[in-house]
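Q: Chains as they are written, first to last, in my numbering: chain A, 37 to 373; chain B, 29 to 288.
Watch out, some of these pointers could steer you wrong.
[Claimed, not checked] Reference listing, derived: stretches of chain A covered by chain B, where coverage requires no fewer than 3 residues with Cβ under 8 Å from a Cβ of chain B:
1) 102 to 114
2) 128 to 137
3) 147 to 154
4) 163 to 173
I should point out that these hints are in silico values taken from the structure, not numbers from a laboratory.
Just so it is clear, CB atoms sit at the ideal spot from N, CA and C, and this is done for glycine as well.
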Amino acid sequence: MLELSSQNVQASSDKAIVVEHLCKVFNVTKGVLRRTKTQVVAVKDVSFEIDYGELFGLVGPNGAGKTTTIKMLTTMLIPTSGTATVLGYDIQKDVKKIRERIGIVLGGERGLYTRVNAIDNLRYFADLYGVPVNTQEKRVKELLQFMGLWDRAQDRVETYSKGMKQRLHLARGLINDPQIVFMDEPTIGLDPEIAKETRNMIKELAEKGKTILLTTHYMFEADELCKRVAIIRNGEIVALDTPSGLKKYVKDTSVVEIEGFGITEKEVAKFKEVPEVLSISADLSENKQVLKIQTPKGSEIISDAQDILKNSRIYDLKVKEPTLEDAYLRLVEGSVK
Amino acid sequence: MPQTLRVIYSAFRMAMLHWIADPQWVIPNVIAPFVFTFVALTLFKEASGPFGLYAVLGGGMMGMWGNTLYSSGFAIEFEKWQGTLEEVVATPSNLLHVIAGRSVSNALFGLTNMVAILLIASLVFKVPLGVANPILFALSIVLTLLSVSALGLIFASAFVLSRYAQVFTNGLEFPIYVISGSMFPIALLPFWIHPASYLLGPTWGIEAIRIAAAQESVSVTFCLNVGVMLLITLAYVMIAAFLFKKVETKSRRDGTLVQA
């Protein structure tokens, strides 16, 4: 049975994380002889708070600023301006205190010592986190058992499957029994079954009372796991609410999903010209194309669709209730006022 | 065990586990210095004076410095390749202590290298290696190794910042052999190189090794060489600590920590 500490251990704040007007600007230098400097704004004026024991989601497209935000909160990056506290500690002044009390789980297959076994990986990080030597062995065993890796604990990590590596990432993130766990796209690149397994692990951790900040670009994942979700776009938070609260942004709309063949960018552009189309996402694969059209007109748009797609073949056409993904798409495309 | 020592030991242990898992280090660490020793001994076969000792120490130094320079720098590159640098930096431990643990393991491999060359020269090439004071000889080798490791630690900080640091260290390999006097006496070098030679801990270490090989008693010159080397080594450690702190802050500000 994995023992995790109580989440009532707090510093001087009644919130686990407080972020106020956080900004990060990177200076990028180009050229060799004629060097030009440009500035890239990765995060601008981001503010939010996370309660103790909350599973909070930060979602957004690639390059939106999710990872930069997480890196600033985990003290890996220094913000350009703004302030943030983690467990009441300032992210710029109290670096060591924050690092002692948090865990980080990154997605992907890298980030592990693949030539050594799982026990040696965890023991090494236990030492770096200052886990007392007399409790290390028990802690490592409990974590590997909790993650279902104990039977393979002596095998080199390079022989592990993707899912096993991700579980080892999770175990490593918990080695110091952190009060807050930061998870940066923990299910990225995993097959559906393993991703589900990982989500169940995250759920279990949340049930045990851990505060979790999770970034993802899978909306169903945020919907399933998170108590509240912040949607970030171009470095700014465009919405922050519970998943059901976010769905209300699109409650007056329906989603018309069209599956067909012969649909091109030209047809997609025509749909965008229809005044009642609030947003459209298109998967224009070679063999089959799928359009998701958000509109307040519902089934009334079908006649417009048939007209636009008169030269294409329509396999299927459905009118659906909007999901969190639809709310996200509309928010990210900036059509919600 | 204090936390700092625990981190150094743990990093040392992790490096050893990787050395064992990946024994290809044998090739550059043994073969190249062996070839150098062979060439030097062949060239100076007929010469008078302590050329045998120079050839052996030159080969040993080559193994030691090459190993430390590459491995200390490689310690950061290795973490980048594995994708573990972020995770290591995100811990409350000082990155300098982690890299120091790896450097000590590299130094240990450098030591095996030196011993191998001494054995090869003595047993295969029958070079007379009469060491007057074996204890001081061994002690000065160990201290020179630590000095070389501390020098490597300074270069390791460059790897946090730049993906081109390898090019920089490649260019430093041979100049160090030459100006530290491991290949031939510093007196043979142009006078304007001498200041650079005397700023290198290994220069004093090599001299101490030679004195221990030639003299049985503990001389003032031996103590002076060891003392200066220790002071320079301490300065290297302090410079490395300063650089690591600066480099970490800069990489946290610029976001350059994980660029591979």
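Q: Any hints this thing doesn't respect? Which numbers, in order?
A: none
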